[in-house]
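Novice: Residues per chain are reported as follows:
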Amino acid sequence: EDQVTQSPEALRLQEGESSSLNCSYTVSGLRGLFWYRQDPGKGPEFLFTLYSAGEEKEKERLKATLTKKESFLHITAPKPEDSATYLCAVQAILTGGGNKLTFGTGTQLKVEL
Amino acid sequence: SAVISQKPSRDICQRGTSLTIQCQVDSQVTMMFWYRQQPGQSLTLIATANQGSEATYESGFVIDKFPISRPNLTFSTLTVSNMSPEDSSIYLCSVHGQDQETQYFGPGTRLLVL
Chain A
1 EDQVTQSPEA
11 LRLQEGESSS
21 LNCSYTVSGL
31 RGLFWYRQDP
41 GKGPEFLFTL
51 YSAGEEKEKE
61 RLKATLTKKE
71 SFLHITAPKP
81 EDSATYLCAV
91 QAILTGGGNK
101 LTFGTGTQLK
111 VEL
Chain B
1001 SAVISQKPSR
1011 DICQRGTSLT
1021 IQCQVDSQVT
1031 MMFWYRQQPG
1041 QSLTLIATAN
1051 QGSEATYESG
1061 FVIDKFPISR
1071 PNLTFSTLTV
1081 SNMSPEDSSI
1091 YLCSVHGQDQ
1101 ETQYFGPGTR
1111 LLVL
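Keeping their order, the protein sequence lines are chains A and B. Just so you know, the first sequence maps onto residues 1 to 113 in the numbering used here. Just so you know, the second sequence maps onto residues 1001 to 1114 in the numbering used here.
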């Protein structure tokens, strides 16, 4: 069974204090790893897709990296508007196809002035 | 990415009743997905809805409890039947983007069952 574990559960940072969020996964064969941002009262907002170990993607202050067992979401010099819950999900390679995303429980990030 | 809307955005219901949630997309899509996000838990796929065929349910979810309709390529409904407080959750629909890999989510329906 595919599993995704995110850590820490919650993270409080000062503005400008860089840090990383972790997503550890076990999957029979990785088709893709996805990062989403979710603000309170809203649906998840897509950030990145990573497909193979060594791949990196960047968007503004966020950078996602992937190894064979985990992914990191690095946040450089965060601002209060980066406060949100960050979700990680994996999609497995399945015989006959398959579109199920298996999600972690997320990291709740709070960036303070 | 597609623009997805859901109705209602939130509701409070009595146990034993049913609620139908609508999901509308601004473009035609082959598959639509329904997820549940219970308090403090991860998003969990309920079922995949293809137009013109029966929905495919994930383990632990059954059609009698969560009947799904998919009458056309831009619309789907999920009904939560015979509700209990354990059904209190956020229900989300999603669709694929142009890459047919990435899923984009609607704003969700927040359901509280008393």
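None of these hints come from the bench; they were simulated from the model. Misleading hints may appear alongside valid ones.
What the hints assert, rightly or not - A few chain A positions that, by computed beta-carbon distances, are all more than 10 Å from chain B:
hint, residue
1, T26
2, L30
3, E45
4, L94
Claimed, not checked - With a straight-line Cα cutoff of 30 Å, these simulated BS3-like cross-link-like pairs (lysine-lysine) come out:
hint, chain 1, residue 1, chain 2, residue 2
5, B, K1007, A, K100
6, B, K1065, A, K100
7, B, K1065, A, K59
8, A, K69, A, K110
9, A, K42, A, K57
10, A, K42, B, K1007
11, A, K59, A, K79
12, A, K79, A, K69
13, A, K100, A, K57
14, A, K59, A, K69
15, A, K100, A, K68
16, A, K59, A, K42
Owing to the predicted nature of the structure, the values given are computational and were not obtained by experimental measurement. No residue lacks a Cβ here, since even glycine has one placed at the ideal position from N, Cα and C.
Novice: Please confirm whether T26/A is truly not at the interface, meaning its C-beta sits more than 10 Å away from all C-beta atoms of chain B.
Specialist: holds, 15 Å
Novice: Can you confirm whether the C-alpha distance between K1065/B and K59/A stays at or below 30 Å?
Specialist: violated, 41 Å
Novice: For K1065/B and K100/A, compute the direct alpha-carbon distance and say whether it is at most 30 Å.
Specialist: Cα-Cα ~20 Å, so holds.
Novice: With a cut-off of 30 Å on the C-alpha distance, tell me whether K59/A and K69/A pass.
Specialist: holds, 22 Å
Novice: Is the straight-line distance between the alpha-carbon of K100/A and that of K68/A 30 Å or less?
Specialist: Roughly 20 Å between the alpha carbons, so the hint for K100/A and K68/A holds.
Novice: Tell me if the straight-line CA distance from K59/A to K42/A falls inside 30 Å.
Specialist: holds, 21 Å
Novice: Has the given pair, K69/A with K110/A, been kept, meaning a C-alpha gap of at most 30 Å?
Specialist: holds, 26 Å
Novice: Compute the least Cβ-Cβ separation between E45/A and chain B, then decide whether it is above 10 Å.
Specialist: violated, 8 Å
Novice: Are the Cα positions of K1007/B and K100/A separated by 30 Å at most?
Specialist: Measuring from Cα to Cα gives roughly 23 Å; hence the hint holds.
Novice: K100/A and K57/A: Cα distance at most 30 Å?
Specialist: holds, 22 Å
Novice: Could you check that no beta carbon of chain B comes within 10 Å of the beta carbon of L94/A?
Specialist: holds, 12 Å
Novice: Holds or violated: K42/A and K57/A, Cα atoms, limit 30 Å.
Specialist: holds, 24 Å
When the structure is compared with the earlier hints, violations turn up for hints 3, 7 and for no others.
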